[in-house]
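Line by line, the protein sequences give chains A and B.
Its first residue numbered 25, the first sequence is counted upward by one per residue in our numbering.
Its first residue numbered 292, the second sequence is counted upward by one per residue in our numbering.
Careful, some of the hints might be misleading.
What the hints assert, rightly or not - Derived list of chain A stretches under chain B, where covered just means 3 residues or more per stretch with a C-beta under 8 angstroms from a C-beta of chain B:
(1) 174-182
(2) 201-215
(3) 274-284
(4) 346-352
(5) 520-528
The hints are simulated quantities; they were obtained by calculation from the structure and are not laboratory data.
In this text, a Cβ means the ideal position worked out from N, Cα and C, and glycines have one as well.
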Amino acid sequence: MYRAIINIIMRKRKVNEFTEYLNHLNDSDVKAVKAFMVNFKQHMNLTLSEEKKLRKDLEGALMYYNAIGVAVTEALRRLDNENLGGFYARPPLLYYALDDAAKIYPLSMKHGFQAVFRLSANLFDEVVPQLLQIALTFTIKRFPRFATTLKKGFFWHYLDANKQRYGIEKEEHLPCRPIKVATTGSKSFRVLYYKNRVSVEFFHCLTDGRGGLVFLQTLLDTYLRLFGVEGQTHPSILDINATPLPEEDANEFKRTTVTKRSGFKEKRALQMSGKIENIRPTQILHFRLDATDLYKVAKRYGVTITAYILGLILLASRFATDAKDGDIAIQVPVDLRKYYPSSTLANFSLYGGIRMPITDITTMEELLPLVKDQLAIVTSYEKMSEMMYSAHRMNKDVRGFPLFLKNPIAKLAYGIMGEAIFTTTFSNLGIISAPDHFNDYIESYDFVLGPPEVNRAATTLVTYNNIATLTITKSTKDPSFEEEIYRLLVKDGLAINIEGSAVYERKSRVSREKD
Amino acid sequence: MNVKVVYPAKKIKHDIRRAAIYWAKPAFILAAVISAIVNYLVKGSAWSVIVIWSLWMIWSFVFTPTLIEHNRTSIAVKSSIHVAILVVIIYMIYPNWPGIEVASLVVVGGLILTAILFFSNVSRQKQNVFPLLIFIIISIIFSVVAFVLRGQEPLGWAMIVSISVALAIFLSTAIILRINFFRELKKRFML
């Protein structure tokens with residue numbers, strides 16, 4: 025009751041703020057703002073409550089521009105309603121089948137577990153939420169596949185168009201916590217901001233790392249344009265006012281001409297020791313490294329950066345387990361676009377597996393040639409094509425079974441072939457390709473995998489601005505894994521700047537601290 | 292290792308549902324097994340089936356609600372179907388009452404409730420028409436089979452009412468949603 029009254033007062037105060045803002049403008053500016061709002065109305069066919077929220081967003085942005093001294097005409101130019109296109113004025117008619125890699129994600133999700141990943145950009149300046157909200161409002165229309173809600177069909181899940189205001193959120197919770205996709209109109213992604221960081225978390229059924237990156241880059245470009253930064257076009261950024269292309273939603277798994285199947289089944293791998301905590305992730309760690317130095321160290325060993333990091337992970341995994349025999353296996357996602365060029369924003373990645381008996385994991389010098397050879401085989405064009413065919417064929421074989429039959433079978437299969445066959449995951453997103461003007465505003469990128477359910481850690485690497493960020497997502501408090509990686513990196517002469525979260529605990533000292 | 296903390300940690304809390312699932316699962320399994328054993332030992336009618344189905348209902352509604360499409364239409368449909376099945380199970384174990392007819396009336400009640408929830412906000416709920424359609428189909432099949440098996444005795448009208456209500460709701464939905472009705476079917480049966 026008390027909170028409701030406060031809300032009403034606050035809302036009224038905000039209305040008054042905008043009225044005050046209008047009052048201090050000259051007549052021509054007031055006319056321009058009112059005409060702008062009339063024009064805004066023409067772009068809307070949402071429910072009244074959603075339309076009100078969007079109007080409030082625009083009002084907030086106008087007031088922000090006023091506060092930083094941007095002229096009304098310039099503010100209205102930047103917020104041009106043409107950027108809304110027809111997206112909010114048309115009924116939601118589109119729907120999208122899930123691609124062959126995505127179909128398993130809704131089937132394998134459980135209460136408290138969902139395949140979520142996060143892409144973040146660390147800006148040099150603090151994020152302005154008013155403009156980030158507008159940037160999302162403008163950007164989402166270029167990604168109709170993302171403006172959807174997950175639904176159950178008779179045979180498969182699918183994505184159903186969902187027209188609403190897509191809101192940003194202030195980051196306050198655990199990173200990569202499950203996204204609620206159950207209710208009417210629920211989203212499969214969230215845009216978050218915290219201090220100088222913009223993050224997007226995706227449910228994996230929507231897209232993969234590469235598709236997510238295109239979304240984040242386009243969002244950032246739109247955000248910077250709202251500050252008046254006009255950069256040149258770049259292949260990694262979509263023109264928000266262009267028409268979405270059919271190939272951006274393509275299920276590219278059909279493309280392979282290989283007809284040999286590759287099995288997904290593997291024997292169980294060793295898991296690192298340490299209790300899996302109820303609050304997951306237990307910690308996020310970003311090891312920021314000089315990319316040139318990292319490259320030099322990898323070259324010194326005669327391997328790629330991916331192989332070098334895999335070597336570190338194998339050694340650290342061995343260090344983090346009490347087991348004496350068995351295999352340590354690392355799941356290595358592979359972006360299939362490198363073999364089959366594609367502009368799809370749907371999932372188009374599979375994985376290769378590096379597997380090594382624990383007794384063979386000794387030193388980097390002995391390990392890396394083996395890792396290099398295995399990596400070349402398991403991520404080869406032939407192997408990936410076989411896996412593509414297998415994934416496509418498997419979905420085709422079971423497509424006639426109703427979803428209520430597939431559901432328990434998929435859960436069982438995921439239990440056997442899911443995380444348990446790997447010790448950990450290492451995903452290298454590579455070097456982020458971005459337009460030159462991004463260098464002046466974006467310091468680094470982060471790529472965070474959601475907390476694993478069985479594995480104790482998941483690792484990623486992303487490079488931008490000569491900063492290679494190695495991220496570790498933990499599901500246990502046991503620090504052996506990350507400490508060993510740190511020790512090995514230092515031993516190889518690399519300087520490391522570590523950022524991350526505190527260990528997440530309920531009612532911990534950190535959680536009570538004010539920002 | 293010195294970590295510079297760059298993540299907020301203001302709203303960190305236990306996943307209560309996951310904890311509840313973890314603790315309740317053995318209790319539910321134990322209750323089901325004990326009821327089956329006791330039922331076997333004391334002989335007589337298979338009342339443990341009623342217990343097990345009831346436990347399942349509580350489990351699936353309270354502890355593990357659907358993760359996708361958990362909306363008011365689907366909740367109403369799921370509850371109605373579960374209750375109707377419970378009535379049929381009770382009837383099969385204790386047949387001296389018009390259980391099938393009561394199940395038909397439960398279905399009618401469920402159909403009406405679901406239709407009210409659906410039509411009270413069609414613009415938003417039209418995305419959720421599929422559970423309603425599935426319920427209509429199930430209720431028609433159930434009522435036809437029940438009618439054939441039971442004939443007019445003792446309350447044949449209950450099945451006729453169920454079929455009539457189901458058809459009425461089906462037609463109303465098709466008329467109100469028009470082209471969207473067929474579009475929805477196309478989406479839902481996409482292979």
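Results of checking the hints against the structure:
no.	hint	in the structure
1	174-182	holds (count 9)
2	201-215	holds (count 5)
3	274-284	violated (count 0)
4	346-352	violated (count 0)
5	520-528	holds (count 7)
Hint check: violations occur at hints 3 and 4; the rest are consistent with the structure.
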